[in-house]
Amino acid sequence: MITHILKSGDAQSKSRVRSATISVIGETAYMTVIPPLPIAPGGTAADQARQIFASIEERLARIGSDKSKIAHITIWLADLSYFSEVTAVWNEWVDPEHPPVRACGQVSLANEALKVEMIVVAWAPPGGAARAAEAVTP
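Numbering (the numbering used here), first residue to last: 21 to 158.
Keep in mind that the hints were calculated from the coordinates and are not lab data. Quick caveat, the model's predicted, so the values are computed rather than measured. Beta carbons: idealized from backbone N, C-alpha and C, even for Gly. The reader is advised that the hints may include incorrect statements.
Said to hold, decoys possible - Derived DEER-like restraints, expressed as beta-carbon distance ranges:
1) G125 <-> P58: 21 to 31 Å
2) D86 <-> T52: 27 to 37 Å
3) D67 <-> P146: 18 to 28 Å
4) A108 <-> G62: 27 to 37 Å
5) E117 <-> P58: 10 to 20 Å
6) P146 <-> T64: 16 to 26 Å
7) L100 <-> A130: 29 to 39 Å
8) F103 <-> R82: 23 to 33 Å
9) T64 <-> S88: 25 to 35 Å
10) D99 <-> P145: 31 to 41 Å
11) A133 <-> F103: 11 to 21 Å
Starting from the given sequences, assemble the full structure and let the hints guide the process.
Encoded structure:
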């Protein structure tokens, strides 16, 4: 069972606790997610965020998890001017009953067409972590 502590008024938690202990090895899925390749030139950061969120849900489903089990998402933006539009998409997508901890910052991304990249840490059911490695590749 996951409980929230320090939940802010935003669509994010300040921290999350799962039961009394969290087993990091064997129970956690870690994924880096970008939009599907090849990345269409001219797409907006909001478009890329929507593609990433769809990919996150699909990958979590493959390991028997879902977005309510996400502990933390780090969102990297190629330009901080994308913050508002990506946050709007986030607010549409995030599970309001189970919002994860979220961090967002600006970095130079590896591909010039990339505007958004996300790193996701989620709880996986028993045996799900073994499937997590398979879920990392598209």
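Status of the hints after comparison with the structure:
{"no.": "1", "hint": "G125 <-> P58: 21 to 31 Å", "in the structure": "25 Å, holds"}
{"no.": "2", "hint": "D86 <-> T52: 27 to 37 Å", "in the structure": "19 Å, violated"}
{"no.": "3", "hint": "D67 <-> P146: 18 to 28 Å", "in the structure": "36 Å, violated"}
{"no.": "4", "hint": "A108 <-> G62: 27 to 37 Å", "in the structure": "19 Å, violated"}
{"no.": "5", "hint": "E117 <-> P58: 10 to 20 Å", "in the structure": "36 Å, violated"}
{"no.": "6", "hint": "P146 <-> T64: 16 to 26 Å", "in the structure": "39 Å, violated"}
{"no.": "7", "hint": "L100 <-> A130: 29 to 39 Å", "in the structure": "18 Å, violated"}
{"no.": "8", "hint": "F103 <-> R82: 23 to 33 Å", "in the structure": "30 Å, holds"}
{"no.": "9", "hint": "T64 <-> S88: 25 to 35 Å", "in the structure": "27 Å, holds"}
{"no.": "10", "hint": "D99 <-> P145: 31 to 41 Å", "in the structure": "37 Å, holds"}
{"no.": "11", "hint": "A133 <-> F103: 11 to 21 Å", "in the structure": "19 Å, holds"}
In this structure, the earlier hints numbered 2, 3, 4, 5, 6, 7 are contradicted, and the remaining ones agree with it.
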